[in-house]
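Student: This is what each chain is made of:
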Amino acid sequence: MRRYSVLFALVVLAVVMLFPFVIVTFNALKSPADYASGTPLSLPKGLYFQSIVDFWNRVDFGGKLWNSFVISATVAVAAVVLSVLNAYALGIGRVRGRLWILVLFLVGNTLPQEALVYPLYYLSKEVGLYDSKLAVILIFTVIQAAFGTYLLSAVLGQFPGEILEAAHIDGAGRWRALWRIVVPISRPTLSVLLIFFFIWTWNEFFLPLIFLISNDNQTVPVALGVLQGEKLMDATTSSASALLGIIPAVAFFLIFQRTLTRGVTVGAIK
Amino acid sequence: MITRGVGRGGYWVYLVPSLVLFLAIIVVPFFMNVATSFTRWTGVGTPSWIGFDNYARLFKDERFWGSFAHNAALIVAMAIIPTAFGLILAAALFDYIGKRFGTRTASALRAAYYLPQVLPVAIAGVVWGWMLHPQYGALNQIFHLKVNWLGDPDIALATVMAVMVWFQLGYPVVIFMAGLQRVDPALHEAASIDGASWWRRFWHITIPQIRPEIYVVLLTCTIAALKVFGPIFVLTRGGPGNATMVPSYFSYLNFFEKANVGYGSAIATILALIIVVVSFLFLRVQEKGQ
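Taken in sequence, the protein lines are chains A and B. Using the numbering used here, the letters of the first sequence map in sequence onto residues 1 to 270. Using the numbering used here, the letters of the second sequence map in sequence onto residues 1001 to 1290.
Next up, chain A with everything else stripped away, as it sits in the complex (with noise of 0.2 Å):
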């Protein structure tokens, strides 16, 4: 009986935390007719995709998405890039200061944005990257790496030397070890490393609220974020708006799952 009861409330849980997706999903799908007619509960009675299509037109959602996977990817791959030099120099060429140089990246990507943001802010329009796309990958780039560094070095400092000393005895230099030996070996922590980048560029607000204000250039969450709320909203528009933010999500979740769920773990016993 108990461990009947265990499970039934562990269940019960599971349902709570998945009720908001269930109810945005039916609510998404329904036609105001429909909606006004039962509760939120209640299973719409055909799929009516007019209020997605709707809203997906109205706020240009395929550029949105567009933008946020621009930013995310060059993010992504920039960063990854930062940091295997980064890494290289500390981890295999463990460079004097290097665990300074560590706690000063540290301490960058914990620092707020809130306190980087009014000189950002200031700095990008007197060089005109005010409102583009620019500024945001570039600093979220060395947010990303200044994390990443911190991981990879600790990674790359665990590196078999053999291997570098038998490719500096057949003659290869530094660069070329590195990109034909040390990247193609840590690939696994690498692919782990992209895919976080591009999550955590994707999910942010903050930064991209202030720097991306024109239609043109505004991010996913930015742009459903300041519809939050708005008077054109309706029960079905609301629930649509949620319904297409929570889709790209869920897509690479479902997508990175195996790779995620071991970053998760690595990410956690440094």
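Do not rely on the hints blindly, as some may be mistaken.
To be verified - Cβ pair distances, simulated, as ranges: (1) A:Ile247 / B:Phe1280: 39 to 45 Å; (2) A:Val16 / B:Pro1212: 27 to 33 Å; (3) A:Glu126 / B:Pro1017: 18 to 24 Å.
Hints were generated in silico from the structure; no laboratory data involved. Using N, Cα and C, we set each Cβ at its ideal position, and we do this for glycine too.
Knowing the structure of chain A, use the given hints to seat chain B on it.
Tutor: For chain B alone, coordinates are given in the frame of chain A:
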């Protein structure tokens, strides 16, 4: 030259691109922000130096203290409750559900708890903004209530806290379940033979064994709570009144809506200081614990 030589010196070159960018994007703006915090400035024209006036004003500002009190409430909602609850859930899933109903059941439940975590936090705000809407929100309609969840100053903070518990809970569950795999089953077996109850084993074996994970979760969640901005912006904008005002939103308000850049910078500087000190303390405690 980079490609030659066995010495260590040559590796510095690899750090140059990052150090230049880091200087331009983190170090210089950080010190500019600190400098601005000693000025009165609207964002245009020349800032005028006023020394510690902004800080003196902060310490007398009720909104400022209130915003930190709300931050403390959010630390409870985002770090303490999820950690405590996450430990119990992870242990129950790992050595009760996993052993009696199979690991697939345990993984499925874990995935359900984790799902909110995959959302951008602003989207979590969009979801709940709809669920909690006073007129057409799902929660009021389903339970036939007329509660203004986010608009009533007496319950707005509690509502935001509840949303954040929902959002945050999956993270410790996943981390702790991974940590539990390191625990030697022989310890538990020996304790059971000695007649130790599940609770006693949980308290004396499980928790000490996954202490590193507990520290990491508490630290990262506390920092996240101190930085929280997205859900506040989306759900309440710090209101009603100042019922859900937090430092990050308070500084944003001064920077971009009130043109009190100097004052905003002082708030942001204090927040940065607190976060760095909290991280440092956590790491010290963790070092001692090991």
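Student: Hint by hint, say whether it matches the structure.
Tutor: We went through each hint and held it up to the structure:
| no. | hint | verdict |
| --- | --- | --- |
| 1 | A:Ile247 / B:Phe1280: 39 to 45 Å | holds, 40 Å |
| 2 | A:Val16 / B:Pro1212: 27 to 33 Å | holds, 30 Å |
| 3 | A:Glu126 / B:Pro1017: 18 to 24 Å | holds, 22 Å |
Violated hints are absent here; each numbered hint is respected by the structure.
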